[in-house]
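Protein chains: 2
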Amino acid sequence: MTERAFQDYYDEQVAHCYGCGRLNEHGLHIRSFWEGDEAVTRFRPRPYHTAIPGYVYGGLIASLIDCHSTGAAAAAAYRAEGREMDTEPPLRYVTASLKVDYLKPTPLDAELVVRARFTEIKGRKVVVASSLYAGDVECARGEAVCVQLPDHWLEGTASP
Amino acid sequence: MTERAFQDYYDEQVAHCYGCGRLNEHGLHIRSFWEGDEAVTRFRPRPYHTAIPGYVYGGLIASLIDCHSTGAAAAAAYRAEGREMDTEPPLRYVTASLKVDYLKPTPLDAELVVRARFTEIKGRKVVVASSLYAGDVECARGEAVCVQLPDHWLEGTASP
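Protein chains in written order, with numbering that gives the first Met the number 0: chain L, 0 to 159; chain G, 0 to 159.
Worth flagging that the hints you see were computed from the coordinates, not collected in a lab.
You can trust all of the hints, since none of them are fake.
If chains are identical, the list can't say which one is meant, so a pair holds when it fits in one copy or spans any two.
Pairs of lysine-lysine residues, derived as DSS-like cross-links and limited to a Cα-Cα distance of at most 27 Å, are as follows:
1) Lys124 with Lys98
2) Lys121 with Lys103
3) Lys124 with Lys103
Hey, can you work out the whole structure from these sequences and the hints?
In structure tokens form, the structure reads like this:
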């Protein structure tokens, strides 16, 4: 496991995300790392992240898969270019499309692990396929189509 | 607009969801209503629900569409049976599959409105198609496949 998470490389203006921004004091602080060819995040839900008591609500699972996928997409794009995440120009991704299949109820008292692989890395697009586990049980499966953030978003002059 | 939200009819054991549970003090308190043939929820993001500064993070959008869809599925199922939501037996839904297309950046300073319609209501399944708007702009589109919660989840003896 790398010591520095993918999200630790984000410039300040893209480090405020509720899901994965290190500068969002209210946020989830999702952090993603390489484990071989997989991008992996580990997250322990808070007691209030409940659906039915004892189980995790679907929005948190979608959030984990979403933010982990955009971080993983960036890491994969750097790796495809053969360079480190602290080199220029920066590559940052947003989600164009997210699909989550909820396979089983996800227990609230477990550490959740999302393991992501890459279906496609081409041009400005990275497709990330992931599975969310509680222990050995695959509880959800995700697919995120991530696209590279336009350069002007990274220049502190963000507009849609 | 109905005065009582769909979620106000949920029994106590299914009213703790972070997204839509009235009894979750940390949660989003998503509330859904009929407007003609559409199920509608309105939500004002908190300042910390940010992605890039000024815009809403994708996980919140997924959460809104997810919880609104399960509430809407229940309401549509009651309506299909020609009975009110406070009649027995209770019908509650969970999400089996969620897809969100992020069409445009969603502004953080707007009231968000999710409008849902029903593609399929059959057996224990309801398919909910929705659009999320900020003002007149459609910023995201969702499809949720919702399935009826097994009866034993509603009896206070929940297990997967």
